[in-house]
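Chains as they are written, first to last, in numbering that gives the first Met the number 0: chain Y, 0 to 323; chain V, 0 to 323; chain X, 0 to 352; chain U, 0 to 352.
Just to be clear, a hint being listed does not mean it is correct.
Covered stretches of chain U, going by a simulated chain Y footprint (3 or more residues, C-beta under 8 Å) [said to hold, decoys possible]:
#1 44-53
#2 159-165
#3 193-199
#4 239-249
#5 268-274
The hints are simulated quantities; they were obtained by calculation from the structure and are not laboratory data.
Glycine included, every Cβ here is placed at the ideal spot set by N, Cα and C.
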Amino acid sequence: MSVLNLAQAINQALMQEMEKDESVIVLGEDVGTDGGVFRVTEGLWKKFGGERVIDTPLAESAICGVSIGLAINGMKPVGEIQFDGFSLPCIDQLYSHAARMRNRTRGRLTVPMVLRIPYSGGTRALEHHSESPETLFVHIPGLKVVVPSTPYNAKGLLISSIRDPDPVIFMEPKRVYHAIKEEVPNESYELQIGKARIIQEGTDVTVITWGAMLKVVREAVEQLSEKYSVEIVDMQTLSPMDEETFIKSVQKTGRAVVVQEAPKTCGVAAEIVSRVNEKILTSLEAPVQRVTGWDTTMPLPKLEEYYLPNPNRIGKAIETVMNF
Amino acid sequence: MSVLNLAQAINQALMQEMEKDESVIVLGEDVGTDGGVFRVTEGLWKKFGGERVIDTPLAESAICGVSIGLAINGMKPVGEIQFDGFSLPCIDQLYSHAARMRNRTRGRLTVPMVLRIPYSGGTRALEHHSESPETLFVHIPGLKVVVPSTPYNAKGLLISSIRDPDPVIFMEPKRVYHAIKEEVPNESYELQIGKARIIQEGTDVTVITWGAMLKVVREAVEQLSEKYSVEIVDMQTLSPMDEETFIKSVQKTGRAVVVQEAPKTCGVAAEIVSRVNEKILTSLEAPVQRVTGWDTTMPLPKLEEYYLPNPNRIGKAIETVMNF
Amino acid sequence: MSKKVSTSSKMIQILDENGELHGEIPKELNNEQIKKIYETMILTRAFDQTALALQREGRMLTYASTFGQEAQVAAAFALEKDDWFVPSFREHGVFFARGYPISQYMLYWVGDGRGMQIPKDINCTPISVPVSTQILHGVGIAWAMKLQKKKNVVEIFFGDGATSKGDFHEGLNWAGVFKVPCVFICQNNQWAISVPRSKQTASETIAQKANAYGFEGVQVDGNDVFALYKVVKDAIDKARSDKGPTLIEMFTYRLSDHTTADDAKKYRDEKEVEVWKKKDPIDRLKKFLLKKKLLTEDENKKIWEQAQATVDAAVKEEESMSPMKSEDIFTNMYAEIPENLKEQIEEAKRVSP
Amino acid sequence: MSKKVSTSSKMIQILDENGELHGEIPKELNNEQIKKIYETMILTRAFDQTALALQREGRMLTYASTFGQEAQVAAAFALEKDDWFVPSFREHGVFFARGYPISQYMLYWVGDGRGMQIPKDINCTPISVPVSTQILHGVGIAWAMKLQKKKNVVEIFFGDGATSKGDFHEGLNWAGVFKVPCVFICQNNQWAISVPRSKQTASETIAQKANAYGFEGVQVDGNDVFALYKVVKDAIDKARSDKGPTLIEMFTYRLSDHTTADDAKKYRDEKEVEVWKKKDPIDRLKKFLLKKKLLTEDENKKIWEQAQATVDAAVKEEESMSPMKSEDIFTNMYAEIPENLKEQIEEAKRVSP
Ligand SMILES: Cc1ncc(C[n+]2csc(CCOP(=O)(O)OP(=O)(O)O)c2C)c(N)n1
Ligand SMILES: Cc1ncc(C[n+]2csc(CCOP(=O)(O)OP(=O)(O)O)c2C)c(N)n1
Ligand SMILES: [Mg+2]
Ligand SMILES: [Mg+2]
């Protein structure tokens, strides 16, 4: 065990997978000599050299599209998109090809690639550096979308993602990179993709969240700990979704709040609400509440605190479902 | 009044707006001498010449990005993306710029552009020619997303979209282009963006849909007309959504089915279900049902009938909510 | 109109329109292989004609013809067994030259997903419809080869229209930076649906675009199998010996409509087509073969008959295949079917028509 | 390391590192204007130094310095009143040369949206963070001008890294095809964060990429205000008389870290920086002005003091502005606030911290 932050845990996962499997390579802007703008790939270039840790030209569509080709032909590329806001040029290659190659060739060609994307706001960053575009990926059938929230699950989920036979979008909550430390096993381990985890059990209400929002949810729940028994579900994977876990939880508590950082309309929270509605409507004691980013552009730093879900908003939503 | 099909109605809208306003120009692949692969821009090039009806190089990101520049500097570009599946390269420009320019400049620069995208399956088309990517646009704050369903609303909504001061994604149900004829006023008229319409009133259940699915919904409802009194809501605009209209309707009927062609997860239907849940959960007699495309790639034509929502599936969903 | 089309003065040609040689036949091509190329071109055209006929009868989807571009076959002949090709959607001749089963290929064009379940012994990606996007895959495939220290190469095909897209640029730029073993083959057939080459880019030739990426570009008579074979083979040799990529502008012409959904008469002058018909790659090679007494009119007739018979048999085979099952929509989305899809499979069964 | 950097033998220079002339000063530049350029460069550097200091104190966001690239100011001086410029994020000097209020500009860099509420009398787009994306806007703005028969032009700025992106390609290709009145100015500062120019593209120069789009490319000493002014002015004249676009490779150097979040020592040799420090565009012009007796050391000192005073006053003004209101998140999303946003405004008020 070592106590690591999330960036270090990811670094360790990359290190160990590259050691284990020669076909794993890391590519992206500034991932090599610089070690990545968040230090996530630090030390990799020194250790594995420029053939396996590759500084690419500045072209996100190519990072994704070339990775598809690499993956088709026996490599396991782990591409990095430097920031969330620059992942949009990848959508065409993801939607048109990465997500479909297996299907299009009826299993003959596959795309075992990982695309790592630091995401989330709250770091007082420049425009386009604080986005939460997960919906865009979750809505594309054929992709997997994994969102770790703490160092422990980040390491295990990244290792599983690299070993996964299908394309995985791995969204790293950048404001958690250096904000949480946790005990992380030194050895390599996998955590199953497609499984949520219960962070804490409770009986009054279920709060469902993922990634960067988990920390905020915990704070909110902490503040209400005397008052309510709250169950927290950390989704971990957004596609495919572990419906069973959250449905069971909400069935038990009868009340739910879903917290996401992305804009509200058509967010992942909407999908969760819909599944609760479809499966266990009659178990609900109150309408499921969504606490989300507003349907606005992510504001520049001076106003970002008003955009981001915070413990206060989450607390109020919990009160709303409790007092319905 | 003339009896027009949907392609003709759109053609007429373009014709009339170009006559009225010199700053309106049409650009895209094959929109000029060819008149568009669906004949939607037929006659425009002859009438307005190559300076206003422009065959562009093959580059969707540029069709969108250059239109942003044109719009910023006083033109009203109506760009055409030839098929739904080729709209993905536009997402970066839409997300990063078109949707934010007004906000970023606090109102100083605006982007009054329209991007027309034929969408939907059911035409036995090649791969990437039968997609329904509306969620990807609806989830981007700052865009408007308009989806006509019949010749009448197509003409009025396109005219409004061209006159709208903000960027509008105008999704044309391609399988309806030549499939429905309707009386359309000869003169120019606007239909308000952001307003749904009630296609038929009913008291038992509300079916909410848009675009290409309206025709299919009508068939389904027709088949059940003896049995149930069904209210049909045609959303017309998906962003911003006319919540009031569908909420009122579902409040009245107590039951709802939402029909969309796009894949299920995180589709627009999920948002509609969520809003019903949030606003009028206690008025519901049954869980809202979603009838959608599956969470799969749109299959090649041999299997597309199994993918697309059809009257049978819609009918069964209506039965489900009626018999809950 | 054809005068507007710009060709560089350095366009490489060996076999002219009259079947006359203006240079050496590439040494790798013996008479047998030349005839094999000829036969494959005819097979390609027979397929094309059959496909067009089937499409008119509603037995095929929208179909993109290769009529006039059959010399592409020569590019495929320059590949070795384990080399790859990365097609766009107008490379029927390349598929056939590589041994792709015609009946299976046909399956794709009738809208059956099994059409692109590529046989294990053929290294290629499936038909790629979104223009230019496949270029990046080709670069990745070639790069993988280099990283794995394999000595194979990749031919990447695309059209003149494709050169306008960002993916073309990013792909060629990466290929230059990482010196990957691939050959970019632009089938410049002068049109992208209704948009002529002159409106696609203001650059005089497409070949010269390679200069922006630090490698060589070559313009070659794309209806001349000898010249095409030669420049492609040279580029492959170069790539195979780790000297980096090449861009080849295969200067040819789309004699047909863009697809069966298109009517080229609306936007292009028939006279231009007539000019190009005289440059037909099959006629040209035939003239040469006749002159060299490598072929008789009689043999020629047999080749055509044989080609048609092969295609007819393939159509029959394709049309007699059992259809896919409706659940096949759900399989192959992932290696393992996730829970929500299992549920949807059940639902589909319940509600299916 | 600096030897790896490739420059074409034809790189245009007028004023060398020692302040010596090797050609004519552009005739449009009289002494007064030269001094105005000099003062604006110093203002830009004073802003830069102040910004770096403020950033260290946490009074600014991540900041991208212009240190070493101040000659960009000369490009702005070649514009006329109603011409446009389309910046990337490292064009502080261009903004100031065009009269953008410094205090307002500073607002942007502290994360206040009003920073890019461009004054009505300045024709420009806001700072564009996603690399290369703004190129397409510039082409559209220029095209609009052409369609409206206006005689204005657009300068479009971007970096060397930006040339790798698809948008660069699509933008330049369209500009070539539609012959729009714009000038592409690539500030090749040799680095894209940690990626050197040599790894960005295998092309020898960036200027030569213009050839792929059918127009001219020019490589110019980007630390030489006279040469830069000249090539930009020529390109603008060409564009204004409807003769199409030009690509200008402004060969310069990023003397600072990429941004305040970066530490360039991790990836680049300090010796390379030392070599380039000797080419400093401000020093160079100063030497010239001193030699020509257009400036004294005393005047020079005053210019610096004045610049610093201007910047300090701007900072004071910026920091004393009343903050934006939380509802400002919702305004300006659309011309009219839609219902769902009105509801969210209400909700935000109810739940606000
Ligand atoms: C990205 C994209 N945009 C539009 C289309 C529709 N489309 C199909 S083929 C074609 C023209 C392609 O021209 P070219 O690259 O020259 O190839 P050719 O058809 O001439 O072989 C277009 C616009 C497409 N398939 N992909
Ligand atoms: C599309 C995109 N990808 C990545 C980034 C992150 N990023 C910011 S600046 C930069 C390097 C830009 O290099 P260059 O174009 O040479 O401009 P310079 O910073 O040298 O002025 C990168 C990778 C970005 N802003 N946009
Ligand atoms: Mg073509
Ligand atoms: Mg740079």
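### Message
Just to make sure I understand the rule, a stretch counts as covered if three or more of its residues have a C-beta closer than 8 Å to a C-beta of the chain. Does the stretch 159-165 of chain U meet that for chain Y?
### Response
Held - the stretch 159-165 of chain U has 5 residues with a Cβ nearer than 8 Å to chain Y, which meets the minimum of three.
### Query
Are there three or more residues in the stretch 239-249 of chain U whose C-beta lies within less than 8 Å of some C-beta in chain Y?
Violated, because only 0 residues of the stretch 239-249 of chain U bring their Cβ atoms closer than 8 Å to Cβ atoms of chain Y.
### Query
Are 3 or more residues of the stretch 268-274 of chain U near chain Y, judged by a Cβ distance of less than 8 Å?
violated (count 0)
### Query
Within the stretch 44-53 of chain U, is the number of residues with a Cβ closer than 8 Å to a Cβ of chain Y three or more?
violated (count 0)
#### Entry: Whether chain Y covers the stretch 193-199 of chain U (at least 3 residues having a Cβ closer than 8 Å to its Cβ atoms)
holds (count 4)
Hints 1, 4 and 5, counting from the list given before, are not met by this structure.
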